[in-house]
Amino acid sequence: MSKKAPNNKTNSKHKITGYKHVRNVAGIEEYLMTSNNLRVLYMHRPDTGVVTTNITYLVGSRDEDRGETGVAHMLEHMLFKPTTTDVKNGIKAGSAMYLSQTTGTVINANTWKDRTTYYFSSSLDNFAEMLRLEADRMENVILTDKELNPERENVLSEHDMYDGQPGFALEVEMRSIGFVSHPYGHETIGYRNDIEDYTAEKLEWFYRNYYRPDNAVLMIIGDLSREEALAAASKEFKAISNPESEVPRYEVREPAQQGMRRALVNRPGGDSVVGLGFRHAGFPSQEWATALVMVEVLTGGEESILYREFVDTGRVSGLQAGIEPTSEVNMASIHLTLAEKENCLDIEQAVLKAIRSLKLADIQNLVKKAKAQLVTQELFSRTESLHIVQELTECVAAGDLSAYVDMIENIKSVTPKNVLALLQQSFSDKDIIIGHFVGTDK
Amino acid sequence: MNYHITKKSAYSLGIVKTKSTGVVVVKIAIDIHRDNSLSDQAAYLIYPDALFAGAGKYDRAAFLNELGLLGSSFDASFTDGKLHLEIQSSKEAFPKLLKLVTIALEEPQFTASELKRISTTITNKLKQAQKKGAYVAKRELKNACYAAGDRRHTASHVSLIKKFSDTDKKTLSSLHERVLAKPWTVTIGGETGDVELVEKMVAKLKQGKEVPDEKVIHAQLPTKSALKLQDIPSLSNIEYSLGLSLPLYLHDDEYTPLSFALSVLGYPGFGSRLMQTIREKEGLTYGIYASLESTTAAEKGYVQIRTFFMPSKTVFALDCTFKQIAKLHKSGITTKEFDNFKKILKDKQVLLQDSLLNQVAQLHYYNYNGFTVEEIEVQKNKLDTITRSEVNKAIKKYLDPKYFVISGAGPVKAVQKDIQRFMKSVS
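Residue numbers (our numbering), protein chains in the order written: chain A, 700 to 1141; chain B, 12 to 438.
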């Protein structure tokens, strides 16, 4: 299967003052702002009257140390508070909130392992303000305990919202034993105690070190010309400079796993859940695509291996799986919510037996169907600018914009043999991480 | 948005014309509700899975295999007595997919072994749902607003599970006949050729089907305060559905003003009064939203405010929330809020242009409620003519906090008495 090479040719239309054209990938043009190395992606979506912007900072929970888990996410919340500019201009709510209160702009943000992302989607008449406030909050956010403390309560509420779900609580435990050194070993929201404890000073350190043009990618997708888009970005961002220091990075090599690892959570009342964790390659490699197809074969819909064996037979009431597009080796997991009268150990053993007994013939057709379904999902994800920037976010966070094109080809290239080999490796006693969430009576 | 609606005696077809998106989306809605009997509710739970459990020459495995090879999705679900079918496909696979959809709807098998399997899987899912706070809180709010014969009233999961044993091939075949005979609302996002294929399929399926003459029950209960608490100790937060039944139809003059008022109170996003106070100022929840639910041209809906609070802060948070409702009820919305939300709601209309799925969903909503293209424009233009005085009058008439139902589900045991005391103070 041949891959389409990105079109790196620069012609006269790409020559924009203040920018260096880098390349074109599937209709997306990549530029570098020459004053500060801010990367800017532009894509034209005509006849919608809509523009979507997204700024992705290459900082996430993987950049957090012990005792400060969740700080990247906490900082994300603080970017919706008033900046020094807002205070000067008397905008009490802060510009982001003010935009939300006065226009129909979609405004939100999210933090993940490798990146933090802020986005707007709106009618064209709000475009200038969207970029102005995005640039403003790159350098003027107020981080004091007075501002932090009320928002901390919101984040604790968010934490508890997730933590009330057995699957999440189990995932936290499995992740913590899945990694002994690498910072992928904690959830992005962080531990409750850490959220309660960190100070505005810690957030300030994160903000000053990671929120900078040379650690960010700005995306502009919409019904406007490249000249308009890039000129507006230049107006707001070109004067922002980078600190002299390098962007701090933890370079951590996770020690090899040497045997099965187990986590146990006991809690009153909830459904019991069995979790199976396994390592997968970083996104957007061919190996990552193989892992994605493998997860689909095991859990994707009524035909999947585990659905037929466990949901159809009534032993399990729910089946969930997740694989993240992270830049480095990570842990994916499958959760099975048990039906009444089942116990975790029996289900664990039966699941491992079912997976380990799979032969090529058992999965051949499933691989074909999984690939077809994933490719169709990709087509739908490209019918809306908010979805497009969401995909691009993961590509730039993984350090490879061309993944936007390559991913579909990588999925198409997966073979049943690749999937079987990965199944045998991922679910071996040596490499697996098992979790039990036991819903107790008291 | 380039859209049309064609009305036929047996179906109504809404079309969003696309160019070169490479995908096709189809939504079909069929209202099957009559008296919301226990056997109907049980059948609604079994039927969607049964539709994919073998049809024509295909047993379940063969049918799902054919569907899977196309990479397309074909989903069915029931909500409040309404069957929803949704198809999403690449343009390339769409003709083959429609052939499979036709077979599923023309020749479903409903074999005993498959019905047994489905009743087991649905029983498990129902039991699991009883531990989901948001689901339980909403169900109890609806049950407080509607009597047993209404589509929005849900029987207990124990009685539904018992009823599965009576849900046999005969029951489902009879339901299926009604599915084919009742009027269909079909909305498609696709190119001309795709639309022609869908219309051909629908015309074929509906040919010779007589709409059954059935008595249909709508049984909204009078607006009355109530407290419904369900203890789910495994959860960290208490999930809430606060609300009241609303004696309004979609085409009533007060519908748009009230809908506007609820946007000011709790529109999704950060701009609403509840998000500004309960989340941003007080830090009491991650999200709190208000909406007008389930109001149609023929049936009266209800107001729902959905949120969650930590048990330790639940009474204070409820108090803050009710103070906001009381403040809105007493003083209405300000001129500034009125102007801001006019712009917010208009901007949302512009955003639709960027999303095929959202365009189809919005047209489907109008199509289901019997709007013509001209009437849709009139409805949208109501935002230009609505006045603040109309909004405030509707608030005064319909949003009195003393009539609200509080429905909460989560770890309530330790705070139950405090919530009861609070309820007495507001009702």
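Hint data in this document are derived by calculation from the structure and do not stem from the laboratory.
By construction, the Cβ of each residue, glycine as well, lies at the ideal position given by its N, Cα and C atoms.
Hints may contain errors.
Said to hold, decoys possible - Some chain B residues near chain A, calculated using beta-carbon distances under 10 angstroms:
id : residue
1  : 34
2  : 102
3  : 106
4  : 187
5  : 188
6  : 193
7  : 421
Results of checking the hints against the structure:
1. 34: 5 angstroms, holds
2. 102: 9 angstroms, holds
3. 106: This hint is violated: residue 106(B) lies away from chain A, its Cβ roughly 15 angstroms from the closest one there, beyond 10 angstroms.
4. 187: Since the shortest Cβ distance to chain A is 20 angstroms, the answer is violated.
5. 188: Hint violated; residue 188(B) Cβ to chain A Cβ min 25 angstroms, cut 10 angstroms.
6. 193: With Cβ-Cβ at 27 angstroms, over 10 angstroms, it is violated.
7. 421: Hint holds; residue 421(B) Cβ to chain A Cβ min 8 angstroms, cut 10 angstroms.
Against the hints set out earlier in the document, violations occur for numbers 3, 4, 5 and 6.
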